[in-house]
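Peer 1: Chains as they are written, first to last, in my numbering: chain A, 1 to 129; chain B, 1 to 129; chain C, 1 to 129.
Derived from the structure by calculation, the hints contain no laboratory data.
Every value quoted in this text rests on a predicted model; they were computed, and no experiment measured them.
For glycine and all other residues, C-beta sits at the position ideal for the given N, C-alpha and C.
There could be a bad hint or two in this list.
[What the hints assert, rightly or not] Sample of chain B residues with no beta-carbon within 10 Å of chain A, all distances over it, derived: (1) P35; (2) E36; (3) D38; (4) D54; (5) Q83; (6) A90; (7) N107; (8) A129.
[Claimed, not checked] With a cut-off of at most 25 Å between alpha-carbon atoms, the simulated DSS-like pairs for lysine-lysine come out as follows: (9) K87/B with K113/C; (10) K113/C with K87/A; (11) K87/B with K87/A; (12) K113/B with K113/C; (13) K87/C with K113/A; (14) K113/A with K87/B.
For reference, the chains in residue letters:
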Amino acid sequence: MPLVRIDLHAATTSAFRATVGDVVYDAMRATLNVPEDDRFQIFHQHASTELMLDATYLGIERSEECLVIQVTLNAGRTVAMKQAFYKAVADGLHARLDVRREDVVINLVEVAKENWSFGNGIAQYADPA
Amino acid sequence: MPLVRIDLHAATTSAFRATVGDVVYDAMRATLNVPEDDRFQIFHQHASTELMLDATYLGIERSEECLVIQVTLNAGRTVAMKQAFYKAVADGLHARLDVRREDVVINLVEVAKENWSFGNGIAQYADPA
Amino acid sequence: MPLVRIDLHAATTSAFRATVGDVVYDAMRATLNVPEDDRFQIFHQHASTELMLDATYLGIERSEECLVIQVTLNAGRTVAMKQAFYKAVADGLHARLDVRREDVVINLVEVAKENWSFGNGIAQYADPA
Chain A
1 MPLVRIDLHA ATTSAFRATV GDVVYDAMRA TLNVPEDDRF QIFHQHASTE LMLDATYLGI
61 ERSEECLVIQ VTLNAGRTVA MKQAFYKAVA DGLHARLDVR REDVVINLVE VAKENWSFGN
121 GIAQYADPA
Chain B
1 MPLVRIDLHA ATTSAFRATV GDVVYDAMRA TLNVPEDDRF QIFHQHASTE LMLDATYLGI
61 ERSEECLVIQ VTLNAGRTVA MKQAFYKAVA DGLHARLDVR REDVVINLVE VAKENWSFGN
121 GIAQYADPA
Chain C
1 MPLVRIDLHA ATTSAFRATV GDVVYDAMRA TLNVPEDDRF QIFHQHASTE LMLDATYLGI
61 ERSEECLVIQ VTLNAGRTVA MKQAFYKAVA DGLHARLDVR REDVVINLVE VAKENWSFGN
121 GIAQYADPA
């Protein structure tokens with residue numbers, strides 16, 4: 001159910017992007033109680049002039065390789081779960097792709113469970129009437 | 001007021017995309033009580049490696065032609081209205097473009113009515129002060 | 001913390017986009033109580049057939065140059081602050097880039113303060129446990 005938009009520089013390879021997707025999916029499975037195979041990820045590649053991401057906000061030094069991960073998901077995760085997710089993503093990207101942890105910006109948008117259709121025109125998560 | 005992002009493969013034609021937009025707009029008019037001409041749609045075309053959409057989640061077999069429709073709209077629609085919208089979109093895309101119903105993923109994001117400006121720097125839907 | 005997506009026509013220059021970003025950032029600083037350097041902006045350039053934005057909805061005459069600014073930010077701003085933001089953006093784009101005020105569409109999406117990580121895998125805005 002999480003729908004993930006990942007905005008990054010166009011200089012990345014498809015293999016790099018696939019591993020970014022793996023890391024985000026693995027982090028969701030490990031920390032957000034997301035079911036197996038619940039993977040819906042959209043990548044947006046950008047010229048460098050299309051990504052204006054501050055280089056020092058909050059004292060974190062971001063580089064040209066900074067990427068943004070915006071996740072729409074059902075409401076209800078605790079703050080601790082969200083914190084674990086952020087850490088798992090930053091650690092995973094660093095371990096598997098050598099991404100600097102400073103270059104991982106994440107945002108969550110929460111919605112109601114009836115706000116999804118995964119195909120066939122049905123709201124699969126809505127409560128039965 | 002709904003702002004619609006439609007993410008799909010780059011192999012589609014502009015005529016295909018225009019009809020996708022017509023279907024989504026018609027479905028909103030029919031099921032979500034959206035006013036006439038309230039049509040604000042943004043299409044994002046993607047290389048196949050940019051759309052990582054699971055092929056079997058919830059037992060629904062999605063193909064390479066799967067598309068994602070993310071709609072930001074005012075809160076307040078009932079579950080039944082949302083269900084009718086999903087069905088109208090999937091049925092309409094199937095009838096008019098031969099899109100497989102399994103390939104239609106939809107997500108709604110709800111906001112407050114004062115969260116919109118449709119031009120001129122004014123919050124047209126906000127209550128008068 | 002606001003994450004801004006700006007969707008506009010591909011015919012714009014990088015200088016134009018940079019100034020759009022400046023205007024949005026300056027408006028946030030002036031009206032939404034956003035901290036200095038809190039600037040995270042993503043631009044999506046589009047072919048004209050990818051932006052289907054109604055030309056007359058609510059009696060506002062939009063042109064081919066219409067752009068859409070979608071802002072994800074923490075909940076809690078008053079209606080008056082949002083109204084001031086819309087006005088500051090439309091006025092700023094008009095004054096600095098000669099954009100028609102009718103061509104500025106804005107949408108806000110509000111989230112909880114723990115829904116952000118600005119790097120290092122940490123939820124910088126979450127309350128201490």
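Peer 1: Decide, hint by hint, whether the structure agrees.
Peer 2: Hints, verified against the model:
{"no.": "1", "hint": "P35", "in the structure": "21 Å, holds"}
{"no.": "2", "hint": "E36", "in the structure": "24 Å, holds"}
{"no.": "3", "hint": "D38", "in the structure": "19 Å, holds"}
{"no.": "4", "hint": "D54", "in the structure": "5 Å, violated"}
{"no.": "5", "hint": "Q83", "in the structure": "5 Å, violated"}
{"no.": "6", "hint": "A90", "in the structure": "3 Å, violated"}
{"no.": "7", "hint": "N107", "in the structure": "5 Å, violated"}
{"no.": "8", "hint": "A129", "in the structure": "29 Å, holds"}
{"no.": "9", "hint": "K87/B with K113/C", "in the structure": "34 Å, violated"}
{"no.": "10", "hint": "K113/C with K87/A", "in the structure": "17 Å, holds"}
{"no.": "11", "hint": "K87/B with K87/A", "in the structure": "38 Å, violated"}
{"no.": "12", "hint": "K113/B with K113/C", "in the structure": "21 Å, holds"}
{"no.": "13", "hint": "K87/C with K113/A", "in the structure": "34 Å, violated"}
{"no.": "14", "hint": "K113/A with K87/B", "in the structure": "17 Å, holds"}
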